[in-house]
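Below are the chains, spelled out letter by letter.
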Amino acid sequence: MSSSMWYLYEFVRKKWIKKFLDAKTEKEIVIAPKRYRKVPPKILYPERCISCGACEGSCPSFAIKLIDNKKYNKKIPKIDVGSCISCGNCVESCPTKVLEIGVIMEETRGLPWNIPKYSHVIIDEELCVNCGSCKLVCPVDVIEYNGITHVIDENGCIGCKRCIEACPVIDTIKTYDEKILKEKIDKCQYLKFEKLLSCDKDSSNSNDRNLDIKKEKGNVYEKISEIPRIVKSLCISCENCVDVCPGNIDLKNYKVVECVKCGDCIEVCPTTAMRIGEVVKGIKLKDKCYIIDEKSCIGCRICYKSCNVDNAIFISTETRLPYINPELCVRCGLCYRECPVDAISLTNTEKVLEIYKIRRIKDKFDAIIKSDLEELSKNYVMSKNDIVEFAKIKVNKEVNKFIKYDD
Amino acid sequence: MNVVPIGPIHPVLKEPIRIKLIVEGENVVGSELEMGYVHRGIEKIMEGKHYLKGIYLSERVCGICSYIHTQTFAECIEHMSKIEVPDKARYLRVVTAELERIHSHLIAAAVYDLSIEHETLAMWCLNAREHVMDLMELITGNRVNMGFNVVGGVRLDINKEIIDKIYKKINELEDDMKNILEVFETGPLINLRGEGIGVIGYREIMKTRAVGPVARASAMPESDWRLRHPTYKELKFKPVWRDEGDNSARMIVRHEEVMTSINLIRKALELYEESSGGVRVKVDIKGGSGEWKNEAPRGEVYYKMSLTDGGLIKRIMIRTPTVMNLEAYKYMLKTCPTVSDAVTTYTSIDPCVSCTERTIVLKDKKTGKIKPYSFK
Amino acid sequence: MIKEFFRKRDINVCVVNTGGCNGCDIEIVSCLAPRYDIEQYGIHVHNNPREADVLVVTGPVTLPWKNRLKEIYEKTPEPKIVVAVGACALSCGIFKEGHVCGPVDKIIPVDAKVPGCPPRPAEILDAILKIAPDAIASKEKILKKRKEGVKSTV
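Protein chains in written order, with the numbering used here: chain A, 1 to 407; chain B, 408 to 783; chain C, 784 to 937.
In case anyone wonders, no lab produced these hints; they're calculated from the structure.
It is possible that some hints are incorrect.
Beyond 10 Å from chain B on every Cβ pair, some chain A residues (computed) [claimed, not checked]:
1. L66
2. E107
3. T108
4. L136
5. C138
6. P139
7. Y145
8. E154
9. K223
10. N240
11. T272
12. S371
13. L376
14. M382
15. I393
Here chain B is said to cover these stretches of chain C; the calculated rule only asks that three of the stretch's residues, wherever they fall, bring their Cβ under 8 Å from a Cβ of chain B [unchecked claim]:
16. 799–813
17. 827–834
18. 869–880
Quick caveat: nothing in here was measured; it's all calculated off a predicted structure.
Idealized CB from N, CA, C, for every residue including glycine.
Kindly produce the complete structure, drawing on both the sequences and the hints.
Written out as structure tokens, the structure is:
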């Protein structure tokens, strides 16, 4: 009896009837856990953002764009909800930890992470003047001097391209992005398979490719004038050149061993590491140049020692103070930073050129006088010697004569 | 000779594929597959990209076995540049990979049960699967495309709370699975639809190079690539296998693999608790090329890639298991009496179309001609 | 009136995978599971475009799908509603450079968008439940008006 009463009571209860009528899943089950990465990532600390564009470059689905924000007066990432795939690359790439998705930023702080980028930067060792301007502006401190040249650590670079703006020489820091790399790889594959197919056609039974090379060496190849060299710091060892080369390239030692001068390797190199001919240093800042104030200069010659460009700073013979050659100076500002008494400042190039010309002419004049004097004294010494010799011979002859007469 | 066209959008199919069944009366004589509906050119997109972008693309080769693709990708690069992965990360990889195997096998079982019109069992499987999905979300932060693996380890560490939850859920799952396995093995209707249908023997497996549970159901336990994986060797893994080679054998292999996966997770978690250190190491990638194989839920996944310094992908090749298994489907069709049996056989090889959508190029050894391959 | 009421309680869904990675598909499948149990809300997943009210499109539209998707859209009965699920369907997501001809709304009109890669089943359910009844009702009204307009002109 009591049990049936209980059932009756239970069935009539409002909650049960409600449950029976709209049997829906409980809400608690569908609540996401703490780690769930809900799209899009939140911009938690916009005031920390340095507008470097690391998030933009690291996004595999191109969902992030940097857009001007009036409130913070800088560029701030805007994330397209529709494109975001909740991978969290942007959160981990951000150098100042602005973004957050799930708890990734909180839990992965301090863990090692290589930053993916859309466009990569790389320093050309043949053009680099080792001024260290790039090192100063780098927000993540990944540029190091290795004794020969400055090198960007590929894993830590965020691709903000501030180093390119700071670099005084045109095209020293080269960029290559996914699109260029893709095109070059395509071209490489095309060339490679075209070559293989033509080899098959020509010699159906022999696999000796060297024979073909020798046959064609005279007429088809010889497109370029000299054997190309490999710039070590630019090479990313993609082996595109090895794939297309009919000869032999030793990428481990950065040497072209056997060459038929077909020029294919220069075409397929994504970073222009394959190179022929001399490179010219183009200077960005042409109408301004550094000048050394001769009144405040103490003649310590630190600028002369620190300058890495050949023949950019001379020492005047008249004043014993350094002066700058504006035709060769790259305006890197290394001397300006190194000078202990702030004697170096930036002015118009014409002014510097004027001073340079005066000093140079004076120097040359001095040098001419000096060399003339040297020659004169040299001649004097030489003639003196000659006279002495001549005199000796003459005296000897005379003496001999006297001796004969005596006999 | 009549042709029954199925797809690309059809109540039976979950993924777009066009099947033309050639029938004589009720008997299926032959079949023709038309694919390319899910071809997105992943390998082509990956060219020139950074490996940390590529790993998300490899994750999206297939949504069901997404984790094992990232693991193979990461392990391939680690093998190439000789990166030592910390112990914690290795065991976490095993835990997540096995959880994914459970979820994949359960969804395969559910689809098979639906195709033999046994909806109750399908719902049981799906219900058990939800707990696994919860665990994966708890560990990695996403249900399907987890983004958990990075080259040199895993992304996040787990804490004591999560370990306790995994143990609890796994114990519940084991009870559920025992029940489901008992029903599957003893249910008379299920056996009627499965036994002696879609039979493939050892010889045909060798001929078609079928992999995964399809091969293991036809007496080929050595096809399991987990036997050759260094971490699984530590866990003393033993593969499950059968020798009947029919539909129900394939499904029972899948069900039993869920049980072994549960044991593997337990062992891996024990070893995880003993080990110490971080979950990620700093990696420095050197250029070169290499390859790696792993056991996905459906069979063997093969990655071959060449990279530049700094980890830009130059060329990548992915081979997925369903490509080989679909070839075996041709031999299974000989023992399918009706059209509906052909459909159940199709679901029993657990095909994954979006895995399969790679361009296959065959080179004839005698003539040297190169032509794209089509399933006919 | 009665038809409208029952339409609200009974929605047929057709899932079209136009080339995604299966991730969104299996999330829709897990909507069928007892945990979420999509049928308790009166939503039936049939995968048959001819009787569907709601087309759930997942994945970027690949080249062979371009014309087929249009055909399927024409085949569905008149108050047709399209829900694009996942990042790929909204903007091609990660496959922007691949062999795809664009997001879904470039080819057919889309009524609701569910972002995420993939979205959780609860989010998909929520979206379908939010959009479907109202949208069906409003579209029905537009249709009626158009019919009346046609009649009056005749």
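Hints, verified against the model:
1. L66: Consistent with the label, A:L66 stays out of reach of chain B, its closest Cβ about 18 Å off (over 10 Å).
2. E107: violated (5 Å)
3. T108: Per Cβ check, A:T108 is inside 10 Å of chain B; nearest 7 Å; violated.
4. L136: Holds, because the least Cβ-Cβ distance between A:L136 and chain B comes to about 24 Å, which exceeds 10 Å.
5. C138: holds (17 Å)
6. P139: A:P139 clear of chain B: closest Cβ-Cβ about 20 Å, beyond 10 Å.
7. Y145: holds (19 Å)
8. E154: violated (4 Å)
9. K223: holds (25 Å)
10. N240: violated (8 Å)
11. T272: Label holds. Min Cβ-Cβ 15 Å, cutoff 10 Å.
12. S371: holds (52 Å)
13. L376: Non-interface label on A:L376 holds, nearest chain B Cβ at 62 Å vs cutoff 10 Å.
14. M382: At about 63 Å from chain B, A:M382 clears the 10 Å cut-off, so the statement holds.
15. I393: The claim stands: A:I393 keeps its Cβ more than 10 Å from every Cβ of chain B (closest is about 76 Å).
16. 799–813: holds (count 14)
17. 827–834: Check passed, 4 qualifying residues.
18. 869–880: Coverage by chain B holds here, the residue count being 3 at a Cβ distance below 8 Å.
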